[in-house]
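Undergrad: Top to bottom, those sequences are chains Y and V.
Counting in our numbering, the first sequence runs from 1 upward without gaps.
Counting in our numbering, the second sequence runs from 229 upward without gaps.
Do not take every clue at face value.
[Said to hold, decoys possible] Here are a few chain V residues that sit away from chain Y, every Cβ distance over 10 Å (derived from the structure):
# : residue
1 : ARG335
2 : PRO483
3 : ARG500
[What the hints assert, rightly or not] Derived DEER-like restraints, expressed as beta-carbon distance ranges:
#  : chain 1 : residue 1 : chain 2 : residue 2 : range
4  : Y       : GLU216    : V       : GLU361    : 54 to 62 Å
5  : Y       : HIS19     : V       : GLU452    : 47 to 55 Å
6  : Y       : HIS19     : V       : ALA380    : 34 to 42 Å
7  : V       : GLU488    : Y       : ARG215    : 55 to 63 Å
8  : V       : TRP524    : Y       : ASP13     : 37 to 45 Å
9  : V       : MET229    : Y       : ASP202    : 28 to 36 Å
10 : V       : SER383    : Y       : TYR218    : 23 to 31 Å
11 : V       : THR369    : Y       : ASP202    : 31 to 39 Å
12 : Y       : GLU8      : V       : THR369    : 48 to 56 Å
13 : Y       : TYR73     : V       : LYS304    : 55 to 63 Å
14 : Y       : PRO2      : V       : TRP524    : 41 to 49 Å
[Said to hold, decoys possible] Listed below are the simulated DSBU-like cross-link pairs for lysine-lysine, each with C-alpha atoms no more than 30 Å apart in a straight line:
#  : chain 1 : residue 1 : chain 2 : residue 2
15 : Y       : LYS92     : V       : LYS482
16 : V       : LYS357    : V       : LYS482
17 : V       : LYS482    : Y       : LYS130
18 : V       : LYS482    : Y       : LYS172
19 : Y       : LYS130    : Y       : LYS172
20 : V       : LYS482    : Y       : LYS123
The set of hints was computed from the structure by calculation and includes no laboratory data.
A virtual CB, placed ideally from N, CA and C, is assigned to each residue, including glycine.
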Amino acid sequence: MPTFDLAECPLRDLNRALHEVTEGSNDITFDVLNPRGAHAVAVGVDAPIRVDVHGSVGYYCGGMNSEGVITVYGNAGPGVAENMMSGTVTIKGDASQYAGATGRGGLLVIDGNASSRCGISMKGIDIVVKGNIGHMSAFMAQSGNLVVLGDAGDALGDSLYEARLFVRGSVKSLGADCVQKEMREEHLILLQDLLDRAGFTDVSPNEFTRYGSARELYNFNIDNVDAY
Amino acid sequence: MCGIVGLFLKDKTLEPQLGAYLSEMLITMTDRGPDSAGIAIYGGERDGLGKITVQSAAPDEDFATLEADLGEALAKSVQLTIKASHAVISLPAECLDAARVKLAELRPGVTVMGSGESVEIYKEVGLPKDVSERFEVAAMTGSHGIGHTRMATESAVTTYGAHPFSTGPDQCLVHNGSLSNHNNLRRELIRDGITFETENDSEVAAAYLSNKLANGETLGEALESGLSDLDGFFTFVVGTKSGFGVLRDPIACKPAVMAETEQYVAFGSEYRALVNLPGIESARVWEPEPATVYFWEH
């Protein structure tokens, strides 16, 4: 089990080692010590490896992750799991702004709070936040699921496309074209699966409210044809 | 992009290390602002004494006989401590205003960086490490201090465009972001009798807060007013003689991390800036909320 102490070795050594993992590699579990807020820890992972980061990280941790299972035992700076493709990124503390931005797949779990713009422009990623999320979360979110066990800040889901938003607590305000929607059986099943996968087994999907797009903003309105 | 750091000590036993912590925090933020760096440090006040921090492009010439010249002009005892391009003038507090007038006459090439009973301000162009070494920041002591590493956007890379900006007694401000209504606000403040040294947007924010304080608002109230009057992106850290405040605009794009223990309250643009502080592993670490005033006072 390779260990990288970032107090001793450059970040590039770690990321290079992670990128060099190929099918059949024996070392597929990595420990990272003393990240001390470093940027770009474990970005571009492209193999089913496990990376445990012991401490808080800075910008873009786990960015572009594909298949990796990355756990941060600390807080994460801006843009954690940005553009994730698949795999799982778990933050045991809080995450800063735009967590999971533009993510295309995989699961991002945040045990603490996420700040502003969580899931901005998400395109298929699933994000589960145990605490609260900040303002302008899921802005222009296209697909995927955002689950919040706590409260959501201002302008949730502004200019939303087809992502599904599930909030257990209060929502300070909804953004343009984001509306409350009926929770149907299919949503309860979907939500139960997301909660199970995130490891949050003591809450019921029935406690959540679903929000989604009213589809009035992004669809062409035939009444506007004269404008063209 | 810029870097901001701030450290407000609750535990007096850490005061001898304030400069060392602050300089380390500042240097960590070099990536965010390699153009210029500066610090404001509060401490060393003595009953009845005031301080003026001055800067000169020709310090050898300007500072050589300044102590004697200013002392004679004011007929008071004046002490000058030179640190590279800056010097701190200690003098009886009641002479502060008179001294500034005399300084302008005696040394037209000298710029006042700040004055008050407690604050000293040092800023220069160059890498934070070089700036910190030049002024021997690591050896400074005090109760609180703020620092800035600059990546210029709104005005030229000059000593005067560097932060902190001080526009009132013992007041200073550092800014990460850019204001969009600074020209209009500057015109309004000029009408109120405020003078400006630069074209810099952050100086306008500092002057705006100083003006509010001069009109009787507390720092908390002044920051609250700023939320409706200042337009643009900002994370501010401000210092007063006894206090330390933080404010982020409602959009809050500019990063901010805070940490608090029994011994201190610390601010960094990034967590990296805080990692060498004592007990950081067990500190309460959080991201300050947008449009929320944070303020601590001794």
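Undergrad: Now tell me if each hint is right for this structure.
TA: Outcome of the hint check:
At roughly 43 Å, the least C-beta separation between V:ARG335 and chain Y is larger than 10 Å, which holds for a residue marked as non-interface. For V:PRO483, the non-interface assignment is contradicted: its Cβ lies about 6 Å from the closest Cβ of chain Y, within the 10 Å cut-off. Here V:ARG500 does not stay apart from chain Y, with its beta-carbon only about 4 Å from theirs, under the 10 Å limit. At about 60 Å, the CB distance of Y:GLU216 to V:GLU361 agrees with the hint of 54 to 62 Å.
Roughly 49 Å separates the CB atoms of Y:HIS19 and V:GLU452, a value that falls within the hinted 47 to 55 Å. The given range of 34 to 42 Å is respected by Y:HIS19 and V:ALA380, whose C-beta atoms sit roughly 36 Å from each other. As the Cβ distance of V:GLU488 to Y:ARG215 is approximately 45 Å, the hint placing it in 55 to 63 Å is violated. Evaluation of the 37 to 45 Å hint for V:TRP524 and Y:ASP13 yields a pass: the beta carbon distance comes to about 40 Å.
Distance hint for V:MET229 and Y:ASP202: a CB-CB separation of about 42 Å, inconsistent with the stated range 28 to 36 Å. For V:SER383 paired with Y:TYR218, a C-beta distance near 40 Å fails the hint of 23 to 31 Å. In this structure, V:THR369 and Y:ASP202 break the distance hint of 31 to 39 Å, their C-beta atoms being roughly 51 Å apart. Checked against the hint of 48 to 56 Å, the C-beta distance between Y:GLU8 and V:THR369 comes to roughly 32 Å, which is inconsistent with it.
For Y:TYR73 and V:LYS304, the hinted distance range of 55 to 63 Å is satisfied, since their beta carbons lie about 60 Å from each other. Between Y:PRO2 and V:TRP524, the C-beta spacing of about 43 Å keeps the proposed range 41 to 49 Å intact. Pair hint Y:LYS92 plus V:LYS482 holds up; C-alpha atoms about 24 Å apart against a cutoff of 30 Å. Of the supplied pair hints, the one linking V:LYS357 and V:LYS482 holds, its CA atoms being roughly 23 Å apart against a limit of 30 Å.
Distance restraint check for V:LYS482 and Y:LYS130: the Cα-Cα separation of roughly 24 Å lies within the 30 Å cut-off, and the hinted pair is therefore satisfied. For the suggested pair V:LYS482 and Y:LYS172, the alpha carbons sit about 22 Å apart, so the restraint of at most 30 Å is met. For the given pair, Y:LYS130 sits about 17 Å from Y:LYS172 by alpha-carbon distance, which is consistent with the 30 Å threshold. Of the supplied pair hints, the one linking V:LYS482 and Y:LYS123 holds, its CA atoms being roughly 25 Å apart against a limit of 30 Å.
When each numbered hint is compared with the structure, violations occur for hints 2, 3, 7, 9, 10, 11, 12.
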